[in-house]
Every structure is written in C-alpha cells, then in structure tokens.
Amino acid sequence: SVPGTKVELTVSCRNLLDMDTFSKSDPVVVLFVQVSGSSEWKEFGRTEVIDNTLNPDFVRKFVLDYYFEEKQNLRFDVPPGSHSALSGAQDFLGQAFVALGEVIGSQRGRLERPLTGVPGKRCGTILLLAEELSNCRDIVTMQLCANKLDKKDFFGKSDPFLVFYRSNEDGTFTICHKTEVVKNTLNPVWQPFTIPVRALCNGDYDRTVKIDVYDWDRDGSHDFIGEFATSYRELSRAQSQFTVYEVGWWVRVKARVLGLHAGTDPPLCLQVLNPRKKCKKKKYVNSGTVTLLSFSVESEFTFVDYIRGGTQLNFTVAIDFTASNGLPSQPTSLHYASPYQLSAYALALKAVGEIIQDYDSDKLFPAYGFGAKVPPDGKISHQFPLNNNVENPSCAGIEGVLESYLQSLRTVQLYGPTNFAPVINQVAG
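In terms of UniProt numbering, the sequence shown has 79 at position 79, counting the first letter as 1, and numbering is strictly consecutive.
Calculated directly from the structure, the hints in this document are not laboratory data. Heads up, some of the hints might be wrong.
Calculated pairs, DSS-like style, for lysine-lysine (alpha carbon to alpha carbon, straight line, at most 25 Å) [unchecked claim]: (1) K71 <-> K61; (2) K280 <-> K210; (3) K363 <-> K71; (4) K157 <-> K277; (5) K61 <-> K6; (6) K121 <-> K24; (7) K152 <-> K278; (8) K71 <-> K350; (9) K210 <-> K281; (10) K6 <-> K71; (11) K281 <-> K152; (12) K183 <-> K148; (13) K280 <-> K157; (14) K210 <-> K152; (15) K178 <-> K210; (16) K148 <-> K278; (17) K282 <-> K151; (18) K157 <-> K278; (19) K283 <-> K152; (20) K280 <-> K152; (21) K363 <-> K350; (22) K278 <-> K210; (23) K210 <-> K151; (24) K148 <-> K282; (25) K277 <-> K183; (26) K152 <-> K178; (27) K157 <-> K178; (28) K277 <-> K210; (29) K152 <-> K282; (30) K151 <-> K283; (31) K350 <-> K42; (32) K71 <-> K42; (33) K210 <-> K148; (34) K183 <-> K210; (35) K278 <-> K151; (36) K151 <-> K280.
Model the full assembly from the supplied sequences, consistent with the hints where possible.
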C-alpha cells in the first residue's frame, strides 16, 4: 500500500507504578507494531528513558506511515528504563493496545488508555497524541515573467524557458521543474505553475533554489542565458507586494513588472547573471531580469484533516441473500461458515467494518439484507433489517452486525432477484 500520510505519535504516561525502592521509576515506552495478517509483534522503536518520574512526557516521537485501508494495531509496553528489555513481571509497569486509527479518529487526535498487565494493581494511564507531519504538504502556485533577456537567436529573438533546481545537502542541485518555452521574445510571461513545497525545497524554507534561464533550440543544445538564486522564504515574503489592477491583463503584467502602481513596492525582481559574461565584460550589468508576478500557498488536505475537522464516517451494510449465493450448508456458498472459518460475507464485513468503526463516534451501523423471503409471511424483500427491527435497523458495532447477519441467515429463505436499489434509496434518503 502507498501511505496516505505520515503521523507522529507523542507519548506521555500518568500515575505509573513505582517499582523503585529509594526513588521513582525510570520509565521508557517501547512501541510494537503487529505484523499484518499475523499474531506477531515487531518492535518499532522506543522513547528515551526519563529518570525518576511517574508522569513522564517523552520527547522522542514515533513517526508511522498511516494507511486508512488497514487495521494498524499498536502495543505500547512500559518497562523500567534501567533494563534494556523486559526481564520479568516484577519489572513490568504496564502495557496498552490500540489501533492507530483510534488515535487519529479520537477528538483532537488525543487518546488516553489505562495501562494493564500487572495483576491486582492500577498501572496508570498512557496518553497518545497523533499529529500529521504537515510541513511538506503545502503546494505553491507561482507565475514569473522576464524583461530584456539576452538575444541568442541570429534571425530572431530568444525562445526562453526556466529550469528550477533544488539544492542538496552535499552542495549539488536536483532539477525539480521546467517551464514551457515562450517563443520569439525577450520579455516572456510564463504560465502559472504548481509545485509541492517538498519538491521545491524539501520543506526547508531557506534552502537555495537555483533557476537557470535558457534559450530553446530545436536540436536540444539550448543556449544558456543566465541564472539567479532565491529561496522559498524570499518568494513567499514577496507575495505581500502583489496588487490587483483593474485593467487589461497585459497592461497589468507590464505595470507589475515596472512597478507603476503608485503607493506600492515593486514586486520581487531578480537579476539574471551569466558568470562568463560577467568575467569577460567590465561593463556587464546583467542578462535581463525575472519578476515574480504571483505566489500563493495552499495546504493539500488529507483524510486526517477531514477527520480532525469533525468528519464522521457513516457505515451501512447490505448483504446479498439471493439464491445465487448457493445453499449456506454447501462449502461453495458465500454464506458457508465452517467451525474454523467465518463465511466470505462475514470476513469481508470484518475486514471493512473494523476499520470504519474507528471513525464513527456512536458505532451504530444500520444493516440490511436483500433478495430473500422473510418471515412471517414469506414475502420477498429487498430491504429487510438484519436485526428484525424496522424502526431501528442499527446494530451495535461490527460484532452486532455479524450477530444479526447470522441470525437472519437462520430465519430467511434465500431467493431473488438481485435488486439492491431499495437499500441504496433508503440510505441515500
């Protein structure tokens, strides 16, 4: 799966057991992640040890990839920090089990759980705070133009375009964007473009962004006009200088470039320099200028943002009880359940429902069936409540839905045809 986002977990504990004789405990929290599809737990990481406290607030965070479509089970063990691993029940301060979705789905991303695992003793609580790493989720839309660029073509003007490079920690540069080519002009206006901040500067607002200006040639041997350097921070500061003019588009562009609007500062204007020309010519000034016409920043909203904003997921179940499924007593039927395995419908219900329920505050799920003859009169129904309660078809949690499904399977007669439109209309209404 591709992670939708990265989530940072901050951990605190309150009222831990005091296992030390002459001082308080020195706790550490160890995070284990359950391997998908198995009962195996793998250590993911651990916090620092905080000496002599029963109410630690750990500085070291856990950063996890969050997958909405998966049930991500977490286990937090709290051993004393003086031990590198759990050495026995006498050294154990407690543990807690939680799904990552529960933390994210809780109010303001904060979840408090009691610690357990030490018989006959109250182990205190663990507090979890989930925060999405959002420093690189911004996207930038900007537009640039140039003025008086060097003429490179013998029979005409230049065909300029820009190439953006992000600086790396080792001093090298990585290309991150190219503009389109504007033909036969020394005063090009490029189209606005959008780029993620992480691509432009990897989230470091002061990291150098180098921009090269080229004259396009058909054979690919583009002529270098010049270069200039800036940063995300410099670009973003310049956005406060933009002014909207109630005139034609081209006049507005020219006014911005030349700073003609009285009472405002001119927009950010950067000199395009050609190092070779600068070395050879004493009177060399520049090879033109590039002006920032517009710059805006938006955050790319994720699923976590919607959940934090109060979005709840409402989950309604509709199960196919048509005869095309086969007799429930036959192993080929989708309704068949062996003593060792749930039916295909029940497995699908658990796989989806156990994830969805973390994002539904009341965990009450309407559940229907369709395509069966239902008691007491044996009429065909395409919208019958699994719990046999027409006024309130909601079941308590996924376990409640499963229980009602199994009960209905024993009382209805599989029939047909396959018609789930009534259920869709009911839910949509």
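Verification of the supplied hints:
Taken as a hint, the K71 and K61 pair is honoured in the structure, with Cα atoms around 21 Å apart against an allowance of 25 Å. Under the criterion of a C-alpha separation no larger than 25 Å, the hint pairing K280 with K210 is consistent with the structure, at around 23 Å. Restraint check for K363 and K71: satisfied, since their Cα atoms lie roughly 16 Å apart, inside the 25 Å limit. For a cut-off of 25 Å, the pair hint linking K157 to K277 stands: about 19 Å separates their Cα positions.
Proposed proximity of K61 and K6 is supported: the alpha carbons are some 12 Å apart, at most 25 Å. A distance of roughly 16 Å separates the Cα atoms of K121 and K24; the hinted pair therefore holds under the 25 Å criterion. Between the alpha carbons of K152 and K278 the distance comes to roughly 17 Å, so the proposed pair stays at or under 25 Å and holds. A distance of roughly 11 Å separates the Cα atoms of K71 and K350; the hinted pair therefore holds under the 25 Å criterion.
Under the criterion of a C-alpha separation no larger than 25 Å, the hint pairing K210 with K281 is consistent with the structure, at around 23 Å. Distance restraint check for K6 and K71: the Cα-Cα separation of roughly 15 Å lies within the 25 Å cut-off, and the hinted pair is therefore satisfied. Taken as a hint, the K281 and K152 pair is honoured in the structure, with Cα atoms around 17 Å apart against an allowance of 25 Å. At roughly 14 Å between alpha-carbon atoms, K183 and K148 fall within 25 Å of each other, so this suggested pair holds.
With a CA separation close to 23 Å, the supplied pair K280 and K157 stays within the 25 Å bound. As the CA atoms of K210 and K152 are separated by approximately 21 Å, the hinted pair is consistent with the 25 Å bound. Annotation: proposed proximity of K178 to K210 holds, straight-line Cα distance about 12 Å (limit 25 Å). For a cut-off of 25 Å, the pair hint linking K148 to K278 stands: about 17 Å separates their Cα positions.
Between K282 and K151 the CA atoms are separated by roughly 19 Å; this keeps the pair inside 25 Å, and the hint holds. For the given pair, K157 sits about 22 Å from K278 by alpha-carbon distance, which is consistent with the 25 Å threshold. Between K283 and K152 the CA atoms are separated by roughly 19 Å; this keeps the pair inside 25 Å, and the hint holds. A threshold of 25 Å between alpha carbons decides the hint, and for K280 with K152 the separation of about 17 Å falls inside it, so the pair holds.
For a cut-off of 25 Å, the pair hint linking K363 to K350 stands: about 14 Å separates their Cα positions. Only pairs whose Cα atoms come within 25 Å are accepted, and K278 paired with K210 is accepted, the gap being roughly 18 Å. Between the alpha carbons of K210 and K151 the distance comes to roughly 22 Å, so the proposed pair stays at or under 25 Å and holds. For the proposed pair K148 and K282, the alpha carbon gap of about 19 Å is at most 25 Å, so the pair holds.
Note on K277 and K183: the hinted pairing holds, with a Cα-Cα distance of about 24 Å set against a maximum of 25 Å. Under the criterion of a C-alpha separation no larger than 25 Å, the hint pairing K152 with K178 is consistent with the structure, at around 19 Å. For the hint pairing K157 with K178, the CA-to-CA distance comes to about 20 Å; that is within 25 Å, so the pair holds. Of the pairs offered as hints, the one joining K277 and K210 holds, with about 18 Å between alpha carbons and a cut-off of 25 Å not exceeded.
Among the hinted pairs, K152 with K282 is consistent with the structure: their alpha-carbon atoms are about 20 Å apart, no more than 25 Å. With a C-alpha separation of about 18 Å, the suggested pairing of K151 with K283 holds against the 25 Å cut-off. Distance check on the hinted pair: K350 and K42 sit about 24 Å apart at the alpha-carbon level, within 25 Å; holds. Note on K71 and K42: the hinted pairing holds, with a Cα-Cα distance of about 15 Å set against a maximum of 25 Å.
Between K210 and K148, the direct Cα distance comes to roughly 20 Å. Compliance with the 25 Å bound is thereby established for this hinted pair. Between K183 and K210 the alpha-carbon distance is near 23 Å, which keeps this suggested pair within the 25 Å criterion. Between K278 and K151 the alpha-carbon distance is near 16 Å, which keeps this suggested pair within the 25 Å criterion. At most 25 Å may separate the alpha-carbon atoms for a hinted pair to count; K151 and K280 meet this at roughly 18 Å.
In this structure, none of the earlier numbered hints is contradicted; all agree with it.
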